[in-house]
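Going by the numbering used here, the first residue of the sequence shown is number 1013, and it counts up by one from there.
Hints in this document: simulated from the structure, not taken from any laboratory.
One or more of the hints may lead you astray.
Restricting the straight-line Cα-Cα distance to at most 25 Å, the calculated cross-link-like pairs of lysine-lysine (DSS-like) are [unchecked claim]: (1) K1111 with K1044; (2) K1044 with K1124; (3) K1111 with K1124; (4) K1285 with K1300; (5) K1201 with K1044; (6) K1191 with K1328; (7) K1033 with K1124; (8) K1285 with K1201; (9) K1033 with K1044; (10) K1201 with K1191; (11) K1201 with K1033; (12) K1191 with K1033; (13) K1102 with K1300.
Distance ranges between label pairs, derived from CB positions [said to hold, decoys possible]: (14) R1267 with D1236: 19 to 29 Å; (15) I1336 with Q1432: 20 to 30 Å; (16) D1366 with E1115: 44 to 54 Å.
Beta carbons are placed, not taken as given, at the ideal position from N, Cα and C, and that holds for glycine.
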Amino acid sequence: MSPASPDDLEWLYSLESTGIKLGLSNVRLLLKELGDPQDRFGAVHVAGSNGKGSVSAMGASIMRSAGYRTGLYTSPHLVRFTERMTVNGKEMSAARLAKYVSEMRDLAGSGKFPRPLTFFEITTAMAFLHFAESRVEEAMVEVGMGGRLDATNVVRPRCCVITPISVEHTGYLGDTLGKIAYEKASIIKEGVPVICSPQSSDAMRVISWMADCRGSEIRFLGRDFHSECISRDLDGVTVRLGSLGTEVRLGMLGRYQCQNAAVAAEMALELGKSISISRDQIVEGLSKARWPGRLDMVRRSPLTVLDVTHTPDGAKAVASELDIFPGNPRVMVVGMLRDKDARGAMSHLAPRFDRIICTSSSSSRALRPGEMLEAVLPYNVNCQAVDGVGGAIDLAEGIAGRNGLLFVSGSLYTIGEAMQHLEGRHGP
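Kindly produce the complete structure, drawing on both the sequences and the hints.
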């Protein structure tokens, strides 16, 4: 079969303009039409605001090291749509993508659904179908938004994971941390164990209540199991994992990855009660795990670092890592989405830079450059607005020179466009 036609892909992406419609009735009907592929593989369901992609990638790497055919579903993608759904680290083929898009387009026009199918509902169904037809044994499934009404909340997980929760998506999830925690904790299923990152007291209370209601055992990092960051440099971090009684060298930058690794390891130990995963395989999987776009050093001159930063808590954690990067002057290119707390994030990052270029990705949800500038100005007046991520990077490179630091931050869309621009000019 030929690759997906431009018309089919244009149709798929056109569904993004219909917006986000939370709810499970549509996706359940769609999956039933496809033979309920989500029931044909084991799953770990991951919710949260910060770190859920990293934990999912670590978990998938551990499962692969243990010899399982492993699926990984994350969103959104950085550069290619097929990044969202991988099997043993490989993206879906163009031929299979064409087959699935054509099938989904036919189903979407069949009149069998109470409302039009959304982009994320179709993407999720495609991922589950891909995993089932690829004979995936175990999969890491990352929530798209929230949890309770997210299209992924149809899997029957072996384990649930909740990473740190922040205030985000308030128009959909609620305007308080407690309400948002309720939405995310609602992935917890009856009797299914829960592994949890450190949380605020409000979030911890809600998550614990939900686990109690569902009869699920819950373990919190910092209370029930522990980790310690031993060292860090430009090649990674070393973490001591209490549950394993050993140190692990991670190939990811950022001390916060130590917590993510501890959560992934604890998840794997829990899975080891029902499937075969050894401690050595956990260590191997963690050491091999990679997750692009997270404190991702992509070039040495000027030193160029890409990081998806979209919440104040995430920005605070990233800001505490910036001292490890040499370079002067220090220039940031930033573009965030309008449903994020841009001003809160910039309160942590903006003071750390000599110059800031505010820009906008092509996403319909992106803040315009002038709006991004308004979020930066209270914390750094040495800033300007530039249309287009590529143009912003070109300007920032000129300011940074060969000896400076170029830091690109913001949404996944911003980082993805930055990757495309840099690879287009300098090669991968």
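_Just to be careful, I want the Cα atoms of K1191 and K1328 compared with a cutoff of 25 Å; is the pair within it?_
Holds - the C-alpha atoms of K1328 and K1191 are around 23 Å apart, at most 25 Å.
*Straight-line Cα separation of K1201 and K1044 no greater than 25 Å?*
holds, 20 Å
_Satisfaction of hint between K1191 and K1201, Cα-Cα up to 25 Å_ = holds, 18 Å
_Proposed proximity, K1300 with K1285 (alpha carbon, max 25 Å)_ = It holds: about 23 Å lies between the C-alpha atoms, which stays within 25 Å.
*asked:* Please verify whether K1201 and K1033 have alpha carbons no more than 25 Å apart.
replied: holds, 22 Å
*Holds or violated: are the alpha carbons of K1285 and K1201 at most 25 Å from each other?*
holds, 18 Å
*That 20 to 30 Å hint for I1336 and Q1432 (C-beta), does it hold up?*
holds, 26 Å
*asked:* Can you tell me whether the CB distance of D1366 to E1115 sits inside 44 to 54 Å?
replied: holds, 52 Å
*Take the C-alpha atoms of K1111 and K1124, compute the straight-line distance between them, and say whether it is at most 25 Å.*
With Cα atoms ~20 Å apart, K1111 and K1124 stay inside 25 Å; holds.
*Given the hint that K1044 pairs with K1124, test it: the Cα-Cα distance must not exceed 25 Å.*
Holds. K1044 to K1124 sits at ~11 Å (cutoff 25 Å).
*Does the structure keep K1191 and K1033 at a Cα separation of 25 Å or less?*
holds, 18 Å
*asked:* K1111 and K1044 were given as a pair; does the straight-line alpha-carbon distance stay at or below 25 Å?
replied: holds, 18 Å
Every hint, counting from the list given before, is met by this structure.
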